[in-house]
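Given the coordinates of chain P, assemble chain C onto it according to the supplied hints.
Spelled out from the first residue to the last, the chains are:
2 protein chains.
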Amino acid sequence: MRDDTVNFSAGPAGLPTPALERARDELLDYRGLGASIMELSHRGPEYGAVHEEALGKMRVLLSVPDDFEVLFLQGGATGMFGMLPLNQLHDGGSADYVMTGVWSDKALAAAQKVGQARAVGSGAVDGAQVRVPGRDELDLDPAAKYLHFTSNNTIVGTQFSNYPVGRGVPLVADMSSDILSRPIDFADFGMIYAGAQKNLGPSGVVVVMARRDFLAQGSKNIPTIFQLAAHAEKGSLLHTPPTFSIYLLRNVLDWVEAEGGVLEMERRSRAKAERVYGAVEASDGFYRCRVEPAARSRMNAVFHLPTPELDTRFVAEAAERRLIGLKGHRTVGGIRASLYNAVRLEGVDRLVAFMADFAQSHA
Amino acid sequence: MRDDTVNFSAGPAGLPTPALERARDELLDYRGLGASIMELSHRGPEYGAVHEEALGKMRVLLSVPDDFEVLFLQGGATGMFGMLPLNQLHDGGSADYVMTGVWSDKALAAAQKVGQARAVGSGAVDGAQVRVPGRDELDLDPAAKYLHFTSNNTIVGTQFSNYPVGRGVPLVADMSSDILSRPIDFADFGMIYAGAQKNLGPSGVVVVMARRDFLAQGSKNIPTIFQLAAHAEKGSLLHTPPTFSIYLLRNVLDWVEAEGGVLEMERRSRAKAERVYGAVEASDGFYRCRVEPAARSRMNAVFHLPTPELDTRFVAEAAERRLIGLKGHRTVGGIRASLYNAVRLEGVDRLVAFMADFAQSHA
Numbered sequence: 001m002r003d004d005t006v007n008f009s010a011g012p013a014g015l016p017t018p019a020l021e022r023a024r025d026e027l028l029d030y031r032g033l034g035a036s037i038m039e040l041s042h043r044g045p046e047y048g049a050v051h052e053e054a055l056g057k058m059r060v061l062l063s064v065p066d067d068f069e070v071l072f073l074q075g076g077a078t079g080m081f082g083m084l085p086l087n088q089l090h091d092g093g094s095a096d097y098v099m100t101g102v103w104s105d106k107a108l109a110a111a112q113k114v115g116q117a118r119a120v121g122s123g124a125v126d127g128a129q130v131r132v133p134g135r136d137e138l139d140l141d142p143a144a145k146y147l148h149f150t151s152n153n154t155i156v157g158t159q160f161s162n163y164p165v166g167r168g169v170p171l172v173a174d175m176s177s178d179i180l181s182r183p184i185d186f187a188d189f190g191m192i193y194a195g196a197q198k199n200l201g202p203s204g205v206v207v208v209m210a211r212r213d214f215l216a217q218g219s220k221n222i223p224t225i226f227q228l229a230a231h232a233e234k235g236s237l238l239h240t241p242p243t244f245s246i247y248l249l250r251n252v253l254d255w256v257e258a259e260g261g262v263l264e265m266e267r268r269s270r271a272k273a274e275r276v277y278g279a280v281e282a283s284d285g286f287y288r289c290r291v292e293p294a295a296r297s298r299m300n301a302v303f304h305l306p307t308p309e310l311d312t313r314f315v316a317e318a319a320e321r322r323l324i325g326l327k328g329h330r331t332v333g334g335i336r337a338s339l340y341n342a343v344r345l346e347g348v349d350r351l352v353a354f355m356a357d358f359a360q361s362h363a
Numbered sequence: 001m002r003d004d005t006v007n008f009s010a011g012p013a014g015l016p017t018p019a020l021e022r023a024r025d026e027l028l029d030y031r032g033l034g035a036s037i038m039e040l041s042h043r044g045p046e047y048g049a050v051h052e053e054a055l056g057k058m059r060v061l062l063s064v065p066d067d068f069e070v071l072f073l074q075g076g077a078t079g080m081f082g083m084l085p086l087n088q089l090h091d092g093g094s095a096d097y098v099m100t101g102v103w104s105d106k107a108l109a110a111a112q113k114v115g116q117a118r119a120v121g122s123g124a125v126d127g128a129q130v131r132v133p134g135r136d137e138l139d140l141d142p143a144a145k146y147l148h149f150t151s152n153n154t155i156v157g158t159q160f161s162n163y164p165v166g167r168g169v170p171l172v173a174d175m176s177s178d179i180l181s182r183p184i185d186f187a188d189f190g191m192i193y194a195g196a197q198k199n200l201g202p203s204g205v206v207v208v209m210a211r212r213d214f215l216a217q218g219s220k221n222i223p224t225i226f227q228l229a230a231h232a233e234k235g236s237l238l239h240t241p242p243t244f245s246i247y248l249l250r251n252v253l254d255w256v257e258a259e260g261g262v263l264e265m266e267r268r269s270r271a272k273a274e275r276v277y278g279a280v281e282a283s284d285g286f287y288r289c290r291v292e293p294a295a296r297s298r299m300n301a302v303f304h305l306p307t308p309e310l311d312t313r314f315v316a317e318a319a320e321r322r323l324i325g326l327k328g329h330r331t332v333g334g335i336r337a338s339l340y341n342a343v344r345l346e347g348v349d350r351l352v353a354f355m356a357d358f359a360q361s362h363a
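Quick note, the sequences are listed as chains P and C, same order. So in our numbering, spot 305 of the first sequence is number 305, and the numbers just go up one at a time. So in our numbering, spot 191 of the second sequence is number 191, and the numbers just go up one at a time.
Be aware that a few hints might be false.
Repeated chains share a single entry, so a pair holds when one copy, or any two copies, can fit it.
Unchecked claim - Listed below are the simulated SDA-like cross-link pairs for lysine to any residue, each with C-alpha atoms no more than 20 Å apart in a straight line:
1. 106 x 313
2. 106 x 232
3. 57 x 261
4. 220 x 105
5. 106 x 31
6. 220 x 90
7. 234 x 64
No wet-lab data here; the hints were simulated from the structure.
Chain P on its own, in the form it takes in the complex (with noise of 0.2 Å):
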């Protein structure tokens, strides 16, 4: 991203600058081999390196517990949607769905489509997604394989700020809009997911984290390239991965190390969401957030304006500005500002300054 445009692109997002800066720098010639690192084996040495460090830094930011495993796969979170079932249901039992929007959706009807799988809770009210269940309010079932949730909503701007635990039963979730940007507690989880293409990297990688005894229950009756456990086997390299996309992963993970970890992008994305969310609130109802303030996502915070007309001119001023992405998702309009890691703050603020200088001129 260049350093005087600020992209609030839903996914794929923003990246860090530094972490570019590296892979163009070294795109043709990696290391002095002569070739790019996405033109070498992924079995040899120099991808090697990367490729460990990337699984290694991702542990270590995220203190990943022992008896997890950590995995780069391809398919992105849908892929997951698809293989979670496939391991989990392909042999019999059922699994629970919380439901707070398009993602989990989709993940219940691709589950579905293998074996039992229920809605267990909704954060719809009167048809709108606005807030997130409370575990209390939730259907649970005791025995099913796992509970699995979306922990942040990327279209309509809900995120779960405590996860709905399941009295013993895995938790399973869908963190790819909200990943590194605050620390997890790993103890309820059977499994997480996350595709890169917002806080992580570009879209061709999904990272993994599962408990070595929730992978191991994974069905063997089901092609190879579907079972997690045997990803897990590999390290990841049970096929050719998305090299390039693993090494660019590897290099933003290296700068949130450097920025300070998972705290610190939880610290600034606190201070990130508070600015927008103020902006909209002071703004004497000229936008407008739907989302109780409870559930407001510190990723995603998605408002309106008095108009879908003012929405676009808002959207077109912006972009004079070099703020950049900010169009709402089709099927809710109004403005979506995502605020993922590589969001600088000094960015927030001149989208705020915008916010304030729009609705003057316009209300």
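Frame of chain P; chain C shown alone:
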């Protein structure tokens, strides 16, 4: 790839230098937008243009018929080993597989996890893959859903020069390692797939070309993400595609087009292979190729020196001349010179000159 280096890697393999230079030059600022192409929404106009251009160029370069879809997916060829039978065999039926090495073995094993699949012929002689079976040698089932084969076998260095046409049964081929090196007669095919990391681009994207009626008979009783027809319906935007990998693929396709297209790639490929195998034949038995002449791969020339120690020495001395990636696969040993599209004829001449020098000094 640096111009003084020749990369004979089997994959991920060398890419054309102009394709990488273009990526480097616009890595941080795509067309003045202030962001990298990998930082932009896959639903936005900028990436959308790249996506359509890549799909269109693939179609034009290979003269893909109108009743075929072109798809860009994730998971590589190994992913397709799983998705193909999930689509075609999940709800019943059987498929035939031609066995010509490790990749065929994996493809068959994956299919047998899903439904019925039979091995119907092999290139093995006394346990070693040294040829490809002729169509008359195949024990074909006229009711099979498809007949699968691997068009080029990277590990052992065999290649089909004529496809094993199956009496009305749709052919399905894994063409990962020879796609875009020669024209394809699509008439007998139901589907062709190819991981990008040899002739097309970086790892992380797999190209699928499939006849619409073949796709349409795919199962709907599997998660949507595994339904090839669903990807076709959404123009390979069913979920977030690996945008940067597809962008690089587009750059490579541009290069192929600028160089003269597939016929020119085929002409060069023949010339490169003739020179390497010619050097083997001219070596008075110092270099030995175990593959029958008619089945020798134009993409991966596999040969052995008199001893494993000499193989190792050959690889090391070649690297000193900046001829890299020549080590044979661990299961076969010896030397493997991969002659994919990005390997220039001058590079092959350097290899051939080195082979003569090495033979002279060590014979």
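Quick check: which numbered hints come out false for this structure? The structure conflicts with hints 1 and 5, although it agrees with all the remaining ones.
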